[in-house]
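Protein chains in written order, with the numbering used here: chain A, 1 to 303; chain B, 1 to 256.
Hints in this document: simulated from the structure, not taken from any laboratory.
Don't take each hint at face value.
To be verified - The calculated lysine-lysine pairs, modelled on DSS-like cross-linking and capped at a C-alpha distance of 30 Å, are: (1) LYS10/A <-> LYS145/B; (2) LYS212/B <-> LYS10/A; (3) LYS123/B <-> LYS10/A; (4) LYS212/B <-> LYS124/B; (5) LYS130/A <-> LYS10/A; (6) LYS35/B <-> LYS10/A; (7) LYS262/A <-> LYS124/B; (8) LYS160/B <-> LYS119/B; (9) LYS102/A <-> LYS88/A; (10) LYS35/B <-> LYS76/B; (11) LYS35/B <-> LYS262/A.
Said to hold, decoys possible - From the structure, some residues in chain B lie toward chain A, with a derived Cβ separation under 10 Å: (12) ASP95; (13) THR97; (14) ASN101; (15) ARG108; (16) GLN110; (17) VAL113; (18) GLN116; (19) LEU121; (20) PRO122; (21) LYS124; (22) PHE132; (23) GLY138; (24) ARG141.
A virtual CB, placed ideally from N, CA and C, is assigned to each residue, including glycine.
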Amino acid sequence: MFSGFFRIIKFSFQEIIRNMSLSVMTVLILILMLLSINTLMVVKVLTDESVAAVKKQIDVSIYFNPEATLDEIQEIRDYVSAFPEVEKETFFNSEEVFANFKKSYANNPDVLSSLDEIGTNPLGPTLIIKTRDPKDYTKIITALSVPEYENIIEAKTFGDTQTAIDRIHVITTNVQKFTYFLTILFAVIAFIIIFNTIRVAIYTQRTEIGIKRLVGATNWFIQGPYIVESFLFSIISVGLTYLLVDFFLKFLDLYISVIFEKNNLLSNYLSQNLVSIIGIEFGVVFLLTIVSSGLAMRRYLRT
Amino acid sequence: MGSSPVIGSIVDFFELFIVQKIFLCYDIYHMITLKSVTKKYSADSTGLSGVDLHIENGEFVSIVGQSGTGKTTMIKLLIAEEKATSGVIEVGGWDITRISNSDIPLLRRQIGVIFQDFKLLPKKTVAENVAFALEVAGEKRSRIKQVVPRVLDIVGLVHKLDRYPHQLSGGEQQRVAMARSLVHRPKILLADEPTGNLDSINTQEIIDILKKINEFGTTILLVTHNREVVNQLKRRVVTLYDGRIISDENKGKYRL
Ligand SMILES: Nc1ncnc2c1ncn2[C@@H]1O[C@H](COP(=O)(O)OP(=O)(O)OP(=O)(O)O)[C@@H](O)[C@H]1O
Ligand SMILES: [Mg+2]
């Protein structure tokens, strides 16, 4: 049966070359499908990156009463940093807060002159808390909203930040849902297109399958070349897609580095996950072509 | 009709098969046996009904009959493309009535078949079409190289090895199909209206080749509508009507 295997490989190369236009069509469709999957990958990486960037910019400010003692403030600082969700807490004393405030209103003489009228520093110390995940801010804020701290803490940036945090959650979960939806949609469309391409190809080849059966070819001889062809088409399309994607990502990275201040974000993601990306893509394409040609051919293989 | 050089090489060809893998245990007397064979495609479509037929080794039998009387059905049953609804079918002593799907390729390598529409693979050359029947049977490359030119020589096409079917005339395509049907040196050759698409000169060439193949011992079943062919052969004629045999004469004539 060894020579049979080589004959099957010979037949599949013959069929690929002598049905060149069909072969090119099939590979093109596979590449289009793979490109759309890769687009989704890029969307996902960029979403993750921007969510992380947005999260980084969110924090909770705790404004202390100017009369609060250092011990009281220290107690709250210790209490807050004990939370595992807290990534970082930064403290500014009254003078620093006042200096910052004056700096940020340097162009506003009205505010500055009214500050001069008061004469003293009306602002208390401020604690800026950063958590690992925006949704943990609620926890911190709830923990600090107890009666014993009521006199120490003058205000927490509760209202506005909370809605901002909620909105980011809504947006990110929706983007994720949409990404999944698109992934499934693309996979279904690709399956239908490929199934139909192969079905049409086999429909036109059904007389050939009949002839091969007539001269005593076993199913193995009839199906074998299609399996080898699927394998070759998968290798070619995954390879060409990789070259295209690699090129486009390098190009995109130039723009992305401006936005996220990270170089080669996408190219690095690709090269770090190369084995799994190529492996999964090859598996998907090979399975898709094998399954669809198998389904399309099944009825012609019975006697 | 100018086919004598072609015929000369047949002797050569059969010498190739000194050592032969014989799968069928050939029954000298009954090469083909149908015992009350009925084929119903559906409740209201009957291909054959209750046909009894014995064909002996070396016979040349013409099957005639109007359109839709079951001639092609009989051929399809003999190559197990269809299964009989009832009755028994034996080919070379092998009961193929309930043949398993995995044995069908073996059966088909023992029987040569040709059709009105030639059934050549369009994307393969003449030589590749003929070689294909040997390749799927697992024949060695050296043997394929030997057999392909020989069988093509028999049908007079050895100089058109590298043509594709669409580059050949109808008669030439049918001769390629005949060459292919001969590669396993079949004991039985079934021909379903092989000359249906051909003019009288090409028809005569095909019939001459069939006659010579028969002379060297191959049993031939020829389905035809061609009155002249049947009358010229002066061999056994079986007439079908409505799925039944209505006449079976040695040295028969075409009478419809
Ligand atoms: N696949 C099928 N399904 C249903 N009925 C069929 C099928 N094949 C043939 N028949 C019917 O069986 C009968 C015999 O058909 P068959 O093809 O054997 O005729 P035939 O003698 O070869 O005719 P022709 O000379 O026109 O080729 C016809 O009535 C035909 O309609
Ligand atoms: Mg017919």
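Each hint tested on the structure:
1. Distance hint between LYS10/A and LYS145/B is fulfilled; the C-alpha atoms sit about 16 Å from each other, no more than 30 Å.
2. For the hint pairing LYS212/B with LYS10/A, the CA-to-CA distance comes to about 35 Å; that exceeds 30 Å, so the pair is violated.
3. A C-alpha spacing of about 13 Å is found between LYS123/B and LYS10/A, which places the hinted pair at or below 30 Å, so the restraint holds.
4. Between LYS212/B and LYS124/B, the direct Cα distance comes to roughly 28 Å. Compliance with the 30 Å bound is thereby established for this hinted pair.
5. For the proposed pair LYS130/A and LYS10/A, the alpha carbon gap of about 65 Å is over 30 Å, so the pair is violated.
6. For the hint linking LYS35/B to LYS10/A, the alpha-carbon distance of about 44 Å lies beyond 30 Å, and the restraint is violated.
7. Among the hinted pairs, LYS262/A with LYS124/B is inconsistent with the structure: their alpha-carbon atoms are about 57 Å apart, more than 30 Å.
8. Restraint check for LYS160/B and LYS119/B: satisfied, since their Cα atoms lie roughly 18 Å apart, inside the 30 Å limit.
9. With a C-alpha separation of about 25 Å, the suggested pair LYS102/A and LYS88/A falls inside the 30 Å cut-off, and the hint holds.
10. For the given pair, LYS35/B sits about 16 Å from LYS76/B by alpha-carbon distance, which is consistent with the 30 Å threshold.
11. Between LYS35/B and LYS262/A the alpha-carbon distance is near 84 Å, which puts this suggested pair outside the 30 Å criterion.
12. Proximity of ASP95/B to chain A is violated relative to the hint, the smallest CB-CB distance being about 17 Å (cut-off 10 Å).
13. Nearest Cβ of chain A to the Cβ of THR97/B: about 14 Å, over the 10 Å cut. The hint is violated.
14. The interface hint given for ASN101/B is met, as the beta carbon of that residue sits about 6 Å from the closest beta carbon of chain A, less than 10 Å.
15. Contact between ARG108/B and chain A, as hinted, is supported at the beta carbon level, the nearest pair being about 4 Å apart and thus within 10 Å.
16. With 10 Å as the threshold, the beta carbon of GLN110/B comes within range of chain A, its nearest partner Cβ sitting at about 8 Å, so the hint holds.
17. The criterion of a C-beta within 10 Å of any C-beta in chain A is met by VAL113/B, whose closest approach is roughly 6 Å, and the hint holds.
18. Given the 10 Å rule on beta carbons, the hint for GLN116/B is violated: about 14 Å separates it from the nearest Cβ of chain A.
19. At about 6 Å, the closest approach between the beta carbon of LEU121/B and any beta carbon in chain A falls short of 10 Å, and the interface hint on this residue holds.
20. At about 7 Å, the closest approach between the beta carbon of PRO122/B and any beta carbon in chain A falls short of 10 Å, and the interface hint on this residue holds.
21. A cut of 10 Å between beta carbons decides the hint on LYS124/B: the least distance to chain A is about 8 Å, and the hint holds.
22. A hinted interface residue such as PHE132/B counts as satisfied when its beta carbon comes closer than 10 Å to some beta carbon of chain A; here the least separation is about 6 Å, so the hint holds.
23. Taken as an interface hint, GLY138/B checks out: its beta carbon lies about 6 Å from the nearest beta carbon of chain A, inside 10 Å.
24. For ARG141/B, the interface hint holds, since its Cβ comes within 10 Å of a Cβ in chain A; the closest pair sits about 7 Å apart.
Hints 2, 5, 6, 7, 11, 12, 13, 18 from the earlier list are contradicted by this structure; the remaining hints agree with it.
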